[in-house]
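**Q** Starting from the known structure of chain A, arrange chain B on it as the hints suggest.
Listed below, chain by chain, are the residues.
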Amino acid sequence: MADISFSNERYTYIHDIHKGSIQAIDNHHIVVRKSNARGFLLHICILTFLAIACYLFLLKEKSSIIYLSSILLGLTLVRLLHWKSVVKESVVIMPAFGVQLETHYGSGRVVRRFVPMGNILRPVLNECVTPVTCYWSLALIVRGEAELMLVFKELRPPVKMLVPIWKALCAAIDIKESTDEVAKDDH
Amino acid sequence: MDGQRRHRILMVSDFFYPNFGGVENHIYYLSQCLLKLGHKVVVMTHAYGNRSGVRYMTGGLKVYYIPWRPFLMQNTLPTFYGTLPILRTILIRERISLVHGHQAFSTLCHEALMHARTMGYKVVFTDHSLYGFADVGSIHMNKVLQFTLADVNQAICVSHTSKENTVLRSGLPPEKVFVIPNAVDTAMFKPAQTRLSCDEIVIVVISRLVYRKGADLLVEVIPEVCRFYPNVRFIIGGDGPKRVRIEEMREKNSLQDRVEMLGAVPHAQVRSVLISGHIFLNSSLTEAFCIAILEAASCGLLTVSTRVGGVPEVLPDDMIVLAEPRPSDMVKAIKKAIHILPKIDPQVMHLRMKSLYSWHDVARRTEVVYDRALRCPTEDLLERLSRYLTCGAWAGKIFCLVMIINFLLWKLLQLWQPSKDIEEVPDIALLHDQRETTPWDSVED
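Those protein sequences? They're chains A and B, same order as listed. Residue numbers for the first sequence follow full-length UniProt numbering, so the first one is 1 and each next one is one higher. Residue numbers for the second sequence follow full-length UniProt numbering, so the first one is 1 and each next one is one higher.
Here chain B stands alone, though its shape is the one from the complex:
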């Protein structure tokens, strides 16, 4: 591997395929590129329906679907110590050198990072979202994050705004946090072969129709734009609790022929929806990094978006029109986008996206973070406990107690089932020739 160290990485998150979303895509594409770079990558997630046990994906990516049932929003029940035996088994049998957890919402991720640190493994955490500071949910979430990040070796955020947010919420030293933006599979999101006519302008919206994604903004913006431009048509893809409000707006303003509601759009069909439009509209009220914008730009659409979170960092200024999350400002931005639309060449935009955003680049940068994490000194329990104590007057003591119990349970597990009793798994290398060989050919009868 060009003299570089070959890592053995365990990706842990509650969010993975067959579930679809930004985190799921990120883990999958990053894993694929790391495999191509010569690293060993294993994914650990919870079972999805009857998808349980070990599965192999493209490129030999091994996925452990642990038979733990999700209890809320695809999250497993927080048990603190319930995942310790299975995680320990996987870490030993796969000879893992580094654990990479994804998403602050994931209970499996938090537990895995806690256990991995107890067992002396190096850990990296990637935060994919922005959170508030005032509401009850955010306060609790931030405390959990503070507990987890008190002991991580390195952290990754998807935008500078996200980094600032994570540092403020968790009290993590900024020098430990890296910014590695998401990427897009440009091969999957190509523009239409023939350029669309500008006689009728189609504005595409693809998002979950929820408050956070600015569905209420759409309710006020769409009628205004339709009033100004008789040749503008909207295509709305997505579903959610706010769908009723948009449908009410459509009925009230008699826009049935100009606002098309597609409902939930499968990821495989997103491109076909995008290439039927000229402008992509994103009305999110909070966003760490909007992958939907990248997908739209890769398909050659000009983007109009709210200036929130990490969105201004996503695209160059000539590929996006930003607006404040206010209806009047959004309408102005759409007017500006319609005005500059004839200057936009979808093919040129696609080629620019190809050079700007690549998963291979993300993997290379993540590799640097892994190298940094593995160079971090190994600390004993007492050194780690002193860091937990700084997490708060009462919280610090509770965190210390949790970690001491975790340490004792780990020692008990070592007595119950020593590491030598856990069988290591042979690495299955993808064979490019036609020879019928198995990993067991080296095992003596």
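Pulled out of the complex, with its shape left as it was, chain A reads as follows:
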């Protein structure tokens, strides 16, 4: 199991290869580094809501319904923040089989998308432009799809992290093409 890793302020790139019986499964992970500012903000939110709840509880003339609803609102907001936050996104390349794209959330929920190798026409490094910024993204040109499929739906890793994944995807597609040719020759 080979392991390559490097980081910047926001993300950590981890590349590990699982040696299987036939071909190695290539894993590329982009892990979100824990932000002190984000954690601090989350704790401030929790404390603020608790303070409001306690204040309402101490004011005897206010009903307990308001007190309970404020606690519930606080918990819901914290839960939402935690639920929506992305912990990591992964690209699992299974040569001659397909590519699995995974999004791991803070809640433990994992969203997986699988693209068969035969459907991938080409991986592309794209420059995305929004009204306020430009950034690099990695996408797949998928057969039969009108739009590009983004490899990282939630995160915006730097291009130096995208390049090795792009190269690995290119290599995997080349392997697929060569195995197809071998199969044709055998027949």
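Please keep in mind that the hints were generated in silico from the structure rather than gathered at the bench. Here the structure is a predicted model, which is why all the values come from computation and not from measurement. Be careful, since some hints might not be right.
Here are the computed lysine-lysine pairs in the DSSO-like style, where the Cα-Cα straight-line distance is at most 30 angstroms [what the hints assert, rightly or not]: (1) 88/A <-> 420/B; (2) 160/A <-> 411/B; (3) 160/A <-> 40/B; (4) 420/B <-> 153/A; (5) 160/A <-> 420/B.
**A** Same frame as chain A, but now just chain B:
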């Protein structure tokens, strides 16, 4: 690059392809020639329909179609500060050394020049039009121009008349303003292989049928010319609000068989319309530099035009007949043109145009302006604010306030997203060999 400094230029304007016009053509051809001279050129414009994001054009010209929607006459909504984050990102990621804005009508251009100066970049501005001084619109436009040009390093105008107009409107020192005329792609505008017979004389008009382009003059000139010369026929290409008036004139004078209305003509078909005629008629009431005249002359047509703006500077006297923008004078000029028509050789005219007007020459001259701009001393905010204060009793103070806020926003952006966090883009050189290489081959896994 022959020991010369290689510039990295950002062209900014609201007007660019797929929109068609003089400014769009100018930016495109100038960029192509600058790329050939070894400079890096990037264009920034707003999105056109679903054309958004980064596009690459011929010669590796990179275009950023920013997803800002136009709100009036292909102009983006003036936000003052809305374009600062995206512009800063582009300037850093493309390692730009100089910003070149085009056209006083363009809000994106004005905002980009303002932000670029705040960030300490050298800026050049090209004015492509003439403006009045009396009407409300012009007064406001001139104030905006005064604000923008108070802080540019160098300015370019397309004619001497345009330079005079810009200097008067903006209060810019004349020594900062260069005159670089437009050019024409002579390879695209070639005369017909066989010379047309002079038995029937065809006069071609290609312009937007609006007041500024003298459509009302045409209404009075065409019937007069048709009355004098039974062998004259008109072809009118273009569309606009004044088309109805021309069609009414055609009906009223029963000239349906002698005045052909083509409607809007796509740029790719302009040459085929031009080569079907002998004389090109331009009736503009105001014009900084008429590219249509160059295109017609390159196709071997003799030009009859109104003596307005920068038009007298465009062609040599033997290739154009000038007239005052009055119907009687225009008719006289057309008579004179018909008289000298047999002496005109379209092929000779085309070859002369080829030597007179070249985009490579325009690019070389623009390069000189860039060199001058980059040699200008770098000024701090206080030095720049003192110049804004001279723009008017109240306007000067407002301009200063706008610039101070812009400066603070820029500093805030630097804290929010430091320059080192913005990834620089590798330069994609066009490969002439067949090797499969990518800009990422140097990036380590």
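**Q** Indicate, hint by hint, whether the structure satisfies it.
**A** For each hint, the structure was consulted:
no. : hint            : in the structure
1   : 88/A <-> 420/B  : holds, 24 angstroms
2   : 160/A <-> 411/B : holds, 27 angstroms
3   : 160/A <-> 40/B  : holds, 23 angstroms
4   : 420/B <-> 153/A : holds, 24 angstroms
5   : 160/A <-> 420/B : holds, 14 angstroms
Hint check: no violations occur; every hint is consistent with the structure.
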